[in-house]
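Novice: Modelling step: build the complete structure from the supplied sequences, incorporating the hints.
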Amino acid sequence: MSVDELKQLQLKIIGKNKKCNLVAVIAIAVALVLTAIWYLISKADFRFAIVLALIEVGISILVLVIVKSLINGSDIKVFNKEFKDVFVLKYLRQRFDDVVYRPGDGIGERFVESVGMLDTGDRFSSNDYISGKYKGINFEQSDVHIEERHETTDKDGNKIESWKTIFKGRLMIFDFNKSFKANIQVSSRDFSASRLPWKKRFSKIKMEDVEFNKNFSVYSENDHDAFYILTPHFMQKIKEITKKMSCGVMFGFVDSRLHIAVDNREDSFEYDVFDPIDEQEIIGDTLRNIKIITAFVDELDLNNNLFRKGV
Amino acid sequence: MNLMHIVVALIVILLIFVLWYIATSNKLNKSVVKIDEALSGIDVALTKRYDVLTKMIEVVKSFAKHEKETLFKVVELRSGMSVKEKNEANQMMDENFKKINIVAESYPELKSNENYKTLQQSIADVEEHLQAARRVYNANVSLYNQMIVSFPTSSIAKNKGLVKKEFFEADKIKREDVKMNL
Chain P
0 MSVDELKQLQ LKIIGKNKKC NLVAVIAIAV ALVLTAIWYL ISKADFRFAI VLALIEVGIS
60 ILVLVIVKSL INGSDIKVFN KEFKDVFVLK YLRQRFDDVV YRPGDGIGER FVESVGMLDT
120 GDRFSSNDYI SGKYKGINFE QSDVHIEERH ETTDKDGNKI ESWKTIFKGR LMIFDFNKSF
180 KANIQVSSRD FSASRLPWKK RFSKIKMEDV EFNKNFSVYS ENDHDAFYIL TPHFMQKIKE
240 ITKKMSCGVM FGFVDSRLHI AVDNREDSFE YDVFDPIDEQ EIIGDTLRNI KIITAFVDEL
300 DLNNNLFRKG V
Chain Z
0 MNLMHIVVAL IVILLIFVLW YIATSNKLNK SVVKIDEALS GIDVALTKRY DVLTKMIEVV
60 KSFAKHEKET LFKVVELRSG MSVKEKNEAN QMMDENFKKI NIVAESYPEL KSNENYKTLQ
120 QSIADVEEHL QAARRVYNAN VSLYNQMIVS FPTSSIAKNK GLVKKEFFEA DKIKREDVKM
180 NL
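Chains P and Z, in that order, are what the protein sequence lines are.
Mapping the first sequence onto numbering that gives the first Met the number 0, position 53 (from 1) lands on 52, and the numbers just tick up by one.
Mapping the second sequence onto numbering that gives the first Met the number 0, position 153 (from 1) lands on 152, and the numbers just tick up by one.
Please note that the accuracy of each hint is not assured.
[As the list claims (entries may be wrong)] Below, in silico cross-link-like pairs of lysine-lysine (DSSO-like), each with a Cα-Cα straight-line distance of 30 Å or less:
{"id": "1", "chain 1": "Z", "residue 1": "K33", "chain 2": "P", "residue 2": "K203"}
{"id": "2", "chain 1": "P", "residue 1": "K199", "chain 2": "Z", "residue 2": "K29"}
{"id": "3", "chain 1": "P", "residue 1": "K177", "chain 2": "Z", "residue 2": "K33"}
{"id": "4", "chain 1": "P", "residue 1": "K203", "chain 2": "Z", "residue 2": "K29"}
{"id": "5", "chain 1": "P", "residue 1": "K205", "chain 2": "Z", "residue 2": "K29"}
{"id": "6", "chain 1": "Z", "residue 1": "K26", "chain 2": "P", "residue 2": "K213"}
{"id": "7", "chain 1": "P", "residue 1": "K238", "chain 2": "Z", "residue 2": "K33"}
{"id": "8", "chain 1": "P", "residue 1": "K203", "chain 2": "Z", "residue 2": "K164"}
{"id": "9", "chain 1": "P", "residue 1": "K180", "chain 2": "Z", "residue 2": "K116"}
{"id": "10", "chain 1": "P", "residue 1": "K180", "chain 2": "Z", "residue 2": "K85"}
{"id": "11", "chain 1": "Z", "residue 1": "K163", "chain 2": "P", "residue 2": "K205"}
{"id": "12", "chain 1": "Z", "residue 1": "K163", "chain 2": "P", "residue 2": "K203"}
{"id": "13", "chain 1": "P", "residue 1": "K132", "chain 2": "Z", "residue 2": "K116"}
{"id": "14", "chain 1": "P", "residue 1": "K15", "chain 2": "P", "residue 2": "K67"}
{"id": "15", "chain 1": "Z", "residue 1": "K47", "chain 2": "P", "residue 2": "K236"}
{"id": "16", "chain 1": "Z", "residue 1": "K110", "chain 2": "P", "residue 2": "K134"}
{"id": "17", "chain 1": "P", "residue 1": "K180", "chain 2": "Z", "residue 2": "K54"}
{"id": "18", "chain 1": "Z", "residue 1": "K116", "chain 2": "P", "residue 2": "K177"}
{"id": "19", "chain 1": "Z", "residue 1": "K26", "chain 2": "P", "residue 2": "K199"}
{"id": "20", "chain 1": "Z", "residue 1": "K47", "chain 2": "P", "residue 2": "K177"}
{"id": "21", "chain 1": "Z", "residue 1": "K26", "chain 2": "P", "residue 2": "K180"}
{"id": "22", "chain 1": "P", "residue 1": "K203", "chain 2": "Z", "residue 2": "K85"}
{"id": "23", "chain 1": "P", "residue 1": "K6", "chain 2": "P", "residue 2": "K89"}
{"id": "24", "chain 1": "P", "residue 1": "K177", "chain 2": "Z", "residue 2": "K97"}
{"id": "25", "chain 1": "P", "residue 1": "K203", "chain 2": "P", "residue 2": "K163"}
{"id": "26", "chain 1": "P", "residue 1": "K242", "chain 2": "P", "residue 2": "K180"}
{"id": "27", "chain 1": "Z", "residue 1": "K163", "chain 2": "P", "residue 2": "K213"}
{"id": "28", "chain 1": "P", "residue 1": "K177", "chain 2": "Z", "residue 2": "K54"}
{"id": "29", "chain 1": "Z", "residue 1": "K29", "chain 2": "P", "residue 2": "K180"}
{"id": "30", "chain 1": "P", "residue 1": "K205", "chain 2": "Z", "residue 2": "K47"}
{"id": "31", "chain 1": "P", "residue 1": "K213", "chain 2": "Z", "residue 2": "K33"}
{"id": "32", "chain 1": "Z", "residue 1": "K33", "chain 2": "P", "residue 2": "K199"}
{"id": "33", "chain 1": "P", "residue 1": "K205", "chain 2": "Z", "residue 2": "K26"}
{"id": "34", "chain 1": "P", "residue 1": "K203", "chain 2": "Z", "residue 2": "K47"}
{"id": "35", "chain 1": "Z", "residue 1": "K98", "chain 2": "P", "residue 2": "K177"}
{"id": "36", "chain 1": "P", "residue 1": "K213", "chain 2": "Z", "residue 2": "K29"}
{"id": "37", "chain 1": "P", "residue 1": "K205", "chain 2": "Z", "residue 2": "K159"}
{"id": "38", "chain 1": "Z", "residue 1": "K47", "chain 2": "P", "residue 2": "K180"}
{"id": "39", "chain 1": "P", "residue 1": "K205", "chain 2": "Z", "residue 2": "K164"}
{"id": "40", "chain 1": "P", "residue 1": "K180", "chain 2": "Z", "residue 2": "K33"}
No lab work stands behind these hints, which were simulated from the structure alone.
Specialist: Right under this line is the structure:
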């Protein structure tokens, strides 16, 4: 589908949506007028009439939502798929080799648990799974949203449930150019996700870089592997890229692969079907999201294979 | 304040002192153990470096039998070496590595030899491990040395006969090793 066809489809969806809204407004107005007339004629209890009016409005809104999803649901599905093909997949293919893009899928909760990098909280969701190769480096990534359930009791003894986001952003996995046995976790000071599982299991390691120790926590199963991975040069690179991200970042060196969690509180590659399509803005946004992947390979020099083929 | 209060106060102070002494003494013991562990890490890395360099020397000798540069230094690694001796052995390995590079420059066929290329990649990784071991050791030594000269820990260190430990030095050649052009 071309951009123009996509715009046509969007106009069709918006048109149908407007019609639905208009019909709903008329239906609500008619219902309210009829209720008012009934109230004046029957001289019923005023409070009863108000409750009746509220029920009518509520039912109308519910019907509106159902009708909208029946009328527009399939079109919105097609729009979202085509939108991601036109504005995301196309640019992913330009930048990466062997691209696999599954907007509805993500890195699984079980995998995140097995890596032991993040606590998967009480509600886990992920989408926009991408895998591919950049400068010869295999990578996988997806958006991840992890929430914690909180329950409070009000003064009447009613339990109120609320959800607190503990991580929202990107989880990326890259081939790493060194082989190592230990599990090493490096998190920036502003990485806010609580209940980090490895904090209890590993020992805290102090590096010789005072600035690095001030801004990052390093936990590892052994000192040697932590110093082997975190060379002075690599620590400098980690400091630089984390500064550029302007958010909490965590690096997990597990099974000779580098796992990066970027807690930027964003859901990347997403677009509201009712927003006007501004091609330049959307392309710019897609390229910015893609750059988050390439930046880590480029800045951390992951394609340096100096150590990969050691005997 | 009666005598009883003074005795209780003295016992409390003595107890606090004993607990502090035990805790500090254990901290120093742990630090010594960590240094020993780090030193064994250096031993492992040095042995690996020695093995790979020996293999490289063999390959180089097979290509340049008549070159003067093939007169490599004899490096001896044995158990129980002091940090100074380990440093010296490492420096000799540096010199051998320098010679290997000089010979390789004059023999393009050596540089393109698959076995040699693999060994070059290995030496880069071995160097990284040696650097890591050195940094772990030096970080532990630095912490230990700071502890034994700081009062009041210094008094316990003196009692236990603990003395400052030597650092494992890094030099320029080692840093250059990992920057080899492959």
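Novice: Any hints from earlier that this structure breaks? Give me their numbers in increasing order, please.
Specialist: none
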